[in-house]
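Please work from the sequences and hints to get the whole structure.
From first to last, the protein sequence lines stand for chains B and U.
Residue 791 is where the first sequence ends in the numbering used here, and the numbering goes up by one at each step.
Residue 537 is where the second sequence ends in the numbering used here, and the numbering goes up by one at each step.
Keep in mind that the hints were calculated from the coordinates and are not lab data.
Keep in mind that this is a model prediction, so the values were computed, not measured.
Label-pair distances were calculated between CB atoms; the ranges are:
1) U:E474 with B:E210: 52 to 62 Å
2) U:W471 with B:T721: 33 to 43 Å
3) B:V208 with U:W471: 47 to 57 Å
Reference listing, derived: stretches of chain B covered by chain U, where coverage requires no fewer than 3 residues with Cβ under 8 Å from a Cβ of chain U:
4) 454-467
5) 660-667
Even glycine gets a Cβ: it sits at the ideal position worked out from N, Cα and C.
Listed below are the residues making up each chain.
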Amino acid sequence: MTTEPVVTSAPATTTGPANTAAGSSAGAAGADTIVDAGTRGVGADVGRPDGVPKVQGRFAFSSDLWADDFLWGHTLRSPHASARILGIDIGPALATAGVHAVLLADDVPGRLTYGLEHADQPVLADGQVRYVGEPVAVVAADHPDVARRAAEAIVVNYEPTDPLTNPEAAPTAAPIHPNGNVFREINIRHGDLDATGEVVVEGTYEVGMQDQAFMGPESGLALPDDDGGVELFISTQWLHVDREQIAACLGIDEEQVRLTLAGVGGAFGAREDLSLQIHLCLLALHTGKPVKMVYSRDESFFGHVHRHPAKMWYRHHADGDGRLVKVEARIVLDGGAYASTSSAVIANASCFAAGPYKVPAAHIVGLAARTNNPPCGAMRGFGAVQTCFGHESQMDKLAAALNMDPVELRLINALDSGDRLVTGQVITGTFPVAEVIRQCAGAPAPDIPRSDDRRDLPGGSGRTTDAADTVRGTGFAVGFKNLMFSEGYDDYSSAACRVADGVATVTCACAEVGQGFVTLAQQIARTELGVDEVILAPAQTATIGSAGSSSASRQTWMSGGAVQAACRAVRDQILADVAADWGVSPDGLVLRDGLVVSLDGQQEALLAQITAGPGYEADVEYHHAPTEALDENGQGNAHVSFACAAHRVVADVDPDLGLVRIRDITTAQDVGRILNPTQAVGQIEGGTAQGVGLALMEEIVLDNGLVRNASFTDYVIPTTLDMPDVTIAAWVEEPEPDAPYGAKGIGEPPTISSSAAVAAAVRAATGLNLPRIPIRPADIALG
Amino acid sequence: MSDVVVARSLDEAREALIGQPDATVLAGGTDLMVEINRGLRRPRHVVGVAQVPELRRWHIADNRVVVGTGVTYTEMMTTSLADAAPALAQAARTVGSPPIRNAGTLGGNLGTASPAGDTLPVLAALNAEIVVTGPDGERRMGLDDFVVGVKQTSLRPGELIVAAELDRPTGRQEFLKIGPRNAMVISMAGLALVADHDARTVRCALGAVAAGIPRAHDAEAWVAERIDWDNGAAVTDAVADEFGQRVAAASSPIDDHRSTAAYRRHAVAVLATRALKRAFAPGGNGDA
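Now the structure itself:
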């Protein structure tokens, strides 16, 4: 059997997979989530192939790259939030022994600017800097210290100007960029805007600037080739969109830029935008040598975008029974100096501003503005985190005004399949909001005695607090967001599958950023092909088309779907050939345990023999259902699918000192189906911790555009004394009809509602209003 | 590039520093290496003292504790030092993470002389005498005379910090510290308080709320008059609260990216009140 079909079945359809088990009930975490029980296929608790190497320190991250005779790059950054550049003298830097290149904006051969949605960000500052940390020059030298010192020797003559740091003032302030100061304004007008409720609550809320704080700083290695092209090994979230921007700025064809994913030390949105990619390629092409760059921890804070700080005003109207009548909101996001993904983030913030509730009327105004603060863009939750804090604070306020149980208020307003969002879109997939709320809120209340061990109390190892100094509160929150890109974006994924000699090889450019795609791709291939050995080829631009971004909780669905479709295309070819050979119908054949087997038990053959030689191959593109843009009233079927999560938090608070110790976090999540239980737990724990960080400590502190805490000394993230174990009350498994295996993305929802639930718990303990996160000790103690 | 001398005895260290008085002393490296890695310092000459046995020792006498400056935070927490100087152990526990506490030393905390140095309020409250050696021979001074400003000491060129000699009073010791999370933090406010039943004094010193490490002398004197030294009755709430206010008056905090002056002053008062109540609570110490 030596046929070698190369099938391109694009686009693959997304009808429900035949081998998905019937939907299990909510809360049924356990054996019945396994699709292929007893195998290492989909649903099984398969360990990560990169797990042990990472724990043992043997995993090669992008900062570990090495090449013969390579140079080190370094970036000179602006110390000013806003300044004109009157002149740059690179003479002293070039004269430094060991320096091979010092490049400025004039040295950029192609487009001078880049950007994910709008190319408004200079590769290197061109006469003007707009935020602290903006790259001005790049240096290549034979030692990292030499490169750093040479960069320091560059003399830049700045003329500082007053920075624009207030996003609310931005629309009417003098433009600080040729594209103006407004990235996007959204007006959602839905239902009867004159409607009013019997009960009205109003509030103003604020969210600080959070950093993704990944552990592996930006790093990469660029190698020039002999034909004017460049090869780049890089940690990123989306190889192909990097390539597109790099090629444009280098002024060469995309095919001349070949990217390979290097080991990624976390992403959380911070690697969606380019950082050092173009700089590395510029230096490599200029010097003709490999060039490596690794940002220091401090520099990393300037090397990537952050979560948008938000100011939000809300007014909720409800009837006397607590049913929402109307939600009014105004949301202002500070986008910082350049566009990044601000226009999509403000769309999300606005579309989901009312929360996962039935809201007959809504007027929501969203503004993302340009300022001289650090650029903000993608971070886990992508706009929904900020507004979740707003709408959940409002729901608690409303419950208090109605003298109603806050969980009950949420339940009677919970969205469901068939309901309409404030954008007018009808939810067609599964959306078990009420069940998620019930599972989380209904979980047994934790019995947590007040500990005598001060490490279990607020203040932890600082020994500040005794049990008698504390008060306890319980908070609850639910949030949601979209899966995949929205507003008409066709963020497809590509995958190839080859089966030869009984071994499957899967090729996909999906960036493994910790989410577990490398595990899942193998699980899918095993399930679809009945093989055990699956090789996952390197993620590269040269071997396969785009996989889209590892963001928006989309890769399990999109690249998982592409891998599934590619494997099925190969399977169908194999079965067709075998069926022809055996003179049976392919419908009577399956792939199982490395065999081709006829269901009647009459015949079987080794897959290794059937696929001996070049084997079978298929290459597919997988597209989600199309979406449409929002109209001038913010109405339209803009989103593909939705997922929600809820958190219940118990916190002990020391009100005199304003210190908080979270004692319990319980969650439930709308997951569609669980494809790998351990990886799902990891996403939920990690995402929840990131939300705890935003609620209590994580903030980039700005002072007139200057970053005051660009280090892990002063930008603090939760430790094990800040983060309790997460109790997962339930996976709420209602398979999503359009999704491969019914699985929804699960990476973002845990981050959305956890911050709001922590804030609610601290409010419940203290009785304080606490309209801002992170909640600082002074906000409680002096509140 | 730097030249590095790794001293293996106190004599070698002293000799290396006298020969190269502008050399930077490297012990655990938990401050120095951070600064070097950030490009903030580029010392030409380094004398490494981590392998100087004389600095790694401590000695506990009836009324005095001598701690070599090479003693690590972990050693302060886990050895006989923890009983002899409980507040030092409590402070050491608040420093960084286990790897940092395994490397960082008392000498490093003194040499860096940050107002947020966690052991420094303890040294001040225990009437520490700082012992240094150098070209002028041995010198001894109180912490007040050693820490002379933010990250400034009175060390002279070529001098090495050898030890801190601490009182060993009969009474409870308390160290409390506030940070932006429950462990691994730079202090936003810290406080050490020791009760000396023989001398009938209370001594209290503050961290991260002034340019130096202030002692709350006025509050100490005021409260010593109000302690029931003979019968050991608990301090009243009124006394503890007033003590807190008086201690806070000894602080002169600033607004910075870590906190505000108003919060720090408030927090110091709360910490002082609590520390006093713990130090004079009847029964157990409630240590954790």
